[in-house]
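Chemist: Chains as they are written, first to last, in the working numbering: chain G, 1 to 167; chain F, 1 to 162.
Among the clues, some could well be false.
As the list claims (entries may be wrong) - Straight-line C-alpha distance at most 25 Å; calculated SDA-like pairs for lysine to any residue: (1) F/Lys146 - G/Asn146; (2) G/Lys78 - G/Arg110; (3) F/Lys146 - G/Lys58; (4) F/Lys146 - G/Asn103; (5) G/Lys58 - G/Asn103; (6) F/Lys146 - G/Lys65; (7) G/Lys33 - F/Leu81; (8) G/Lys33 - G/Asn103; (9) G/Lys65 - G/Leu104; (10) G/Lys65 - G/Asn146.
Stated by the list, open to error - Short, incomplete list of chain F residues facing chain G, as computed with Cβ under 7 Å: (11) Ala73; (12) Ile125; (13) Ala155; (14) Val156.
Stated by the list, open to error - Away from chain F, derived, C-beta distances all over 10 Å, residues of chain G: (15) Arg35; (16) Phe36; (17) Pro38; (18) Ser47; (19) Lys78; (20) Asp84; (21) Ala96; (22) Asp139.
Just so you know, these hints were derived from the structure itself, not from any lab. Even for Gly, the Cβ is constructed at its ideal location relative to N, Cα and C.
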Amino acid sequence: MKRVLTFSLIIACPVLLLLAPAATHASKRIEQKVRFAPVHVYLDSGSKPLAAYQFELKAASGQIKIVGVEGGEHPAFKEAPYYDPAALMNDRIIIAAFNTGDNLPTGRTRVATIHLQILGDAEPEYQLTLVTAGDSNGDRVPAELNLQTGENKCESSSSRLSLSYCS
Amino acid sequence: MTEHDKQFDNVEPHVSPRFRKDLRVLCEPPGAVPQQVDKTITDLAKACLRERKHGTPRRLIVPMRWAAVAAAAVIVLGATLYTTVTHDTPHSAFRIPQSIAPGRADIDSNGRVDILDALRLARHIESRGQAQMQWDFNGDGLVDRKDVDAVAFAAVRLDKGV
Numbered sequence: 001m002k003r004v005l006t007f008s009l010i011i012a013c014p015v016l017l018l019l020a021p022a023a024t025h026a027s028k029r030i031e032q033k034v035r036f037a038p039v040h041v042y043l044d045s046g047s048k049p050l051a052a053y054q055f056e057l058k059a060a061s062g063q064i065k066i067v068g069v070e071g072g073e074h075p076a077f078k079e080a081p082y083y084d085p086a087a088l089m090n091d092r093i094i095i096a097a098f099n100t101g102d103n104l105p106t107g108r109t110r111v112a113t114i115h116l117q118i119l120g121d122a123e124p125e126y127q128l129t130l131v132t133a134g135d136s137n138g139d140r141v142p143a144e145l146n147l148q149t150g151e152n153k154c155e156s157s158s159s160r161l162s163l164s165y166c167s
Numbered sequence: 001m002t003e004h005d006k007q008f009d010n011v012e013p014h015v016s017p018r019f020r021k022d023l024r025v026l027c028e029p030p031g032a033v034p035q036q037v038d039k040t041i042t043d044l045a046k047a048c049l050r051e052r053k054h055g056t057p058r059r060l061i062v063p064m065r066w067a068a069v070a071a072a073a074v075i076v077l078g079a080t081l082y083t084t085v086t087h088d089t090p091h092s093a094f095r096i097p098q099s100i101a102p103g104r105a106d107i108d109s110n111g112r113v114d115i116l117d118a119l120r121l122a123r124h125i126e127s128r129g130q131a132q133m134q135w136d137f138n139g140d141g142l143v144d145r146k147d148v149d150a151v152a153f154a155a156v157r158l159d160k161g162v
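Only chain G is shown next, with the shape it has when bound in the complex (with noise of 0.2 Å):
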């Protein structure tokens, strides 16, 4: 009997010793507010062409982890921009596309969107950085970088945001 209860105790203590951090992990989880929700990134290049987009995008503040990223609606951006992966799961990312097509978007066009996971109840701010943005010869274009929140692909007034442009 007390060969039982040792050999059950050498197996209960490493089993509990892995789960205690697991089943802790799980609990802060359920107890924090997860929601997922999309970020439209919109960029506008006035009457000039674009051919080539790089922008940042991360947390300013609030909890977030980017969960996917997809394509803009202009054909020219339609497929999946390049990003880092290691960036999903993470609360920055760096995301480019170019296209060295003819048929090429001008005016306010979305470019792409960044699916969130966002953990809290608080909304977070984010700061998008235009880092470059280029016609079809590769030399760099003005342009003017926004982003909205939400489901809701028009203009929002909730969302937040920290813009700037790298020169």
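Mind docking chain F on chain G? Use the hints.
Modeler: Quick look at chain F alone, frame taken from chain G:
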């Protein structure tokens, strides 16, 4: 007690000595056990009990081994679960090309690697211009779309900064 019951109380006096003797013969075990045999059996039983009490019975060795195996299996399983559950790593559809030295991918020589470098290289390849072998970033002897991808990935790498 009634008169009727009393008749059963003194049964003994009515049994004859001969009948008693015959009964005893019938009830005794056939053949008496010799004292030496009895002692040997008792000693063996005592020794067996003593061994059970102080020695390590063989029956317990097997469960002990199995318990060790089970404990090891549980530890391995637990460690595997712990690492997969708590440290889940993202999966990517991309196969990132091997990293390029930053200077090499700066096609437009503006001092930094960005998507415009990839665009310029792509346009150069499409126009069938003379490709420089220094743009063969993946080292396959060709300057093609794979090298463009390599430049684009170099531009979006998180560890390079903006």
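Chemist: Are the hints correct? Go through all of them and say.
Modeler: Here is what the structure says about each hint:
About 31 Å separates the Cα atoms of lysine 146 of chain F and asparagine 146 of chain G, which puts this hinted pair outside 25 Å; it is violated. Restraint check for lysine 78 of chain G and arginine 110 of chain G: the C-alpha separation of about 10 Å stays at or below 25 Å, so the hint holds. A hinted pair counts as satisfied when its Cα atoms are at most 25 Å apart, and lysine 146 of chain F with lysine 58 of chain G does not qualify at roughly 28 Å. For the proposed pair lysine 146 of chain F and asparagine 103 of chain G, the alpha carbon gap of about 23 Å is at most 25 Å, so the pair holds.
Proximity of lysine 58 of chain G to asparagine 103 of chain G is assessed by CA-CA distance (about 30 Å); at most 25 Å being required, the pair is judged violated. At roughly 29 Å between alpha-carbon atoms, lysine 146 of chain F and lysine 65 of chain G are farther apart than 25 Å, so this suggested pair is violated. Between the alpha carbons of lysine 33 of chain G and leucine 81 of chain F the distance comes to roughly 24 Å, so the proposed pair stays at or under 25 Å and holds. For the proposed pair lysine 33 of chain G and asparagine 103 of chain G, the alpha carbon gap of about 43 Å is over 25 Å, so the pair is violated.
A C-alpha spacing of about 31 Å is found between lysine 65 of chain G and leucine 104 of chain G, which places the hinted pair above 25 Å, so the restraint is violated. Under the criterion of a C-alpha separation no larger than 25 Å, the hint pairing lysine 65 of chain G with asparagine 146 of chain G is consistent with the structure, at around 20 Å. At a threshold of 7 Å, the smallest CB-CB gap from alanine 73 of chain F to chain G is about 10 Å, leaving the interface hint violated. Because the beta carbon of isoleucine 125 of chain F sits about 9 Å from the nearest beta carbon in chain G, more than 7 Å, this interface hint is broken.
Because the closest C-beta pair between alanine 155 of chain F and chain G is about 5 Å apart, less than 7 Å, the hint holds. Interface hint at valine 156 of chain F: satisfied, since its Cβ lies 4 Å from the closest Cβ of chain G, which is below the 7 Å cut-off. Consistency note on arginine 35 of chain G: stated as away from chain F, and its beta-carbon is indeed over 10 Å from all of that chain's, at 19 Å minimum. The non-interface label for phenylalanine 36 of chain G is consistent with chain F: the shortest C-beta to C-beta separation is roughly 15 Å, beyond 10 Å.
The beta carbon of proline 38 of chain G is kept farther than 10 Å from every beta carbon of chain F, the shortest such distance being approximately 17 Å. With a least beta-carbon separation of about 20 Å from chain F, serine 47 of chain G lies farther than 10 Å from that chain, consistent with its non-interface assignment. Once the 10 Å rule is applied to beta carbons, lysine 78 of chain G is consistent with being away from chain F; the minimum gap is 16 Å. Some Cβ of chain F comes within 10 Å of the Cβ of aspartate 84 of chain G; the nearest lies about 5 Å off, and the non-interface call is violated.
Against the 10 Å criterion, alanine 96 of chain G falls within the reach of chain F, whose nearest CB is about 4 Å from its own CB. For aspartate 139 of chain G, the non-interface assignment is contradicted: its Cβ lies about 8 Å from the closest Cβ of chain F, within the 10 Å cut-off.
Against the hints set out earlier in the document, violations occur for numbers 1, 3, 5, 6, 8, 9, 11, 12, 20, 21 and 22.
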